[in-house]
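Visitor: As you go down the protein sequences, you meet chains A and B in turn.
Each position in the first sequence, counted from 1, maps to that position plus 8 in our numbering.
Each position in the second sequence, counted from 1, maps to that position plus 53 in our numbering.
Not one of these hints is a red herring.
If you want a taste of the chain B side facing chain A, the calculated C-beta under 10 Å gives, among others:
1) G95
2) D153
3) T154
Read the hints as simulated data drawn from the structure, not as lab findings.
No experiment lies behind these values; they were computed from the predicted model shown.
No residue lacks a Cβ here, since even glycine has one placed at the ideal position from N, Cα and C.
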Amino acid sequence: GENVEQHPSTLSVQEGDSAVIKCTYSDSASNYFPWYKQELGKGPQLIIDIRSNVGEKKDQRIAVTLNKTAKHFSLHITETQPEDSAVYFCAASTWNQFYFGTGTSLTVIP
Amino acid sequence: IAGITQAPTSQILAAGRRMTLRCTQDMRHNAMYWYRQDLGLGLRLIHYSNTAGTTGKGEVPDGYSVSRANTDDFPLTLASAVPSQTSVYFCASSSAGRIDTQYFGPGTRLTVL
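All chains should be modelled from the sequences, with the hints used to inform the complete structure.
Guide: Shown next, in the form of structure tokens:
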């Protein structure tokens, strides 16, 4: 089955700096790559996703890049704010399989 | 407000007892999922249902069962709870299966003593 690895497990940045979280996957059939944000005591919530026919997608301060040849994708958060502090999960999916990474705890220091 | 509800919010359970976690969605989504979340292991799929009347096993199905009698409800049952089932359980749903946005409930924190 799919193996999704996520790094780093923890990340601290100063407010206003950028944060980058990276994931790799093993199944070349994976074609959907969402990113979820989980705040304390809540369920994960989708923040951005990318499909395999696209190399980059941006939504305001958040962007995701995908390299299908190398089987890795990354989340980029620019101009970080304290409310960006949360746990972020990547995932890789085919039509019948869906695997999450192990999560990155992001802390934005005011 | 449309979304997913889970009950109970939290529960402490004696080992060997039977427990059903409830999940209801009002978005008319076809697919529903149960995950457990453990520190350092992320979210792992327990069982899923692609449509009402069908269910399937996920990554960690042992000790759990599900049913999908209708579109809205997807209960998860622990027939005889064990301490290793202590976890936070999330229910989720999606309109078009795995390659679509999954919407998560608020979770149930279960402690098995």
